[in-house]
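Student: Residue numbers (our numbering): 4 to 215.
Keep in mind that the hints are not guaranteed to be accurate.
[As the list claims (entries may be wrong)] Simulated restraints on C-beta separations: (1) F203 - V162: 16 to 22 Å; (2) F203 - P124: 20 to 26 Å; (3) R213 - A137: 17 to 23 Å; (4) V138 - F203: 22 to 28 Å; (5) G121 - L71: 29 to 35 Å; (6) E177 - A78: 19 to 25 Å; (7) V180 - V104: 23 to 29 Å.
Don't read these hints as lab results, they were simulated from the structure. Beta carbons: idealized from backbone N, C-alpha and C, even for Gly.
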Amino acid sequence: MSAVAAARESRRETAEFGFWVFLASELMFFGGLFFAYTYGRISYPDGWAAASRATDVVIGTANTAVLLTSSFLVAVAVAAGSAGRRRWVAPMLAATAALGVVFLVLKGIEYRHDWTQGLFPGPSFRLDGATGGAVPAGAQLFYMLYYTMTGVHALHLTVGIAWMMIAAYGAHREPGVWCSPARLAVAGLYWHFVDIVWIFVYPLIYLGGRAS
4 MSAVAAARES
14 RRETAEFGFW
24 VFLASELMFF
34 GGLFFAYTYG
44 RISYPDGWAA
54 ASRATDVVIG
64 TANTAVLLTS
74 SFLVAVAVAA
84 GSAGRRRWVA
94 PMLAATAALG
104 VVFLVLKGIE
114 YRHDWTQGLF
124 PGPSFRLDGA
134 TGGAVPAGAQ
144 LFYMLYYTMT
154 GVHALHLTVG
164 IAWMMIAAYG
174 AHREPGVWCS
184 PARLAVAGLY
194 WHFVDIVWIF
204 VYPLIYLGGR
214 AS
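Could you build the full structure based on these sequences and the hints that come with them?
Tutor: As structure tokens, then:
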């Protein structure tokens with residue numbers, strides 16, 4: 004390995020290590036939300052299951068497919084950059100950002116549906132199908148966590164979309180700079196992190212009540 008290649012590999016490894024440290028801190032934050040979810044499900048099993056069954060599993064499943072596809076595209080972009088096929092990088096990153104936007108649009112539609120159905124914690128909260136019209140204990144707590152978890156995830160995804168758009172533009176205008184393995188590896192790590200968080204959120208939010 005030449006000195007230049009060794010220096011490039013060292014920069015890539017340093018960038019990845021630093022970003023892994025950042026992702027570890029983010030995982031600790033989401034870990035707290037997952038712990039709160041576990042506590043709620045153990046403490047209020049009936050309310051938790053009823054609230055979970057009221058979520059829109061069709062949109063949730065569609066968004067999962069969207070993010071899994073986006074992860075594949077960003078992986079292709081990273082691999083193309085490493086293989087020197089720079090012309091593929093910008094289109095793949097742009098397509099990744101576009102799928103991220105699709106996810107947010109679908110999530111917005113879901114939030115609007117939740118609001119019109121009264122699935123928002125507060126005095127007007129209601130849960131259609133609840134026995135005798137009474138809201139099961141813990142149902143509102145479930146939706147508090149639902150909005151917190153999905154909202155924080157959407158915020159992280161928004162950051163990722165902006166990152167992918169900037170990287171795609173940079174890869175198109177200055178491929179020698181933006182298509183470096185270190186830059187692409189870090190961008191890919193962040194996007195995969197956001198996707199992995201959703202892979203955990205999806206079954207907890209949408210499938211928990213339907214599986215019980």
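Student: Now, for every hint given, state plainly whether the structure supports it.
Tutor: Hint-by-hint comparison with the structure:
At roughly 19 Å, the beta carbons of F203 and V162 sit within the given window of 16 to 22 Å. A beta carbon spacing of about 22 Å between F203 and P124 agrees with the range 20 to 26 Å that was offered as a hint. In this structure the hint that R213 and A137 lie 17 to 23 Å apart at CB holds, the actual value being about 21 Å. At about 27 Å, the beta-carbon gap between V138 and F203 stays in the expected band of 22 to 28 Å.
About 31 Å separates the C-beta atoms of G121 and L71, a value consistent with the hinted range of 29 to 35 Å. Range check, E177 to A78: about 22 Å between beta-carbon atoms, so the 19 to 25 Å window is met. In this structure the supplied range 23 to 29 Å holds for V180 paired with V104, their Cβ-Cβ distance being about 25 Å.
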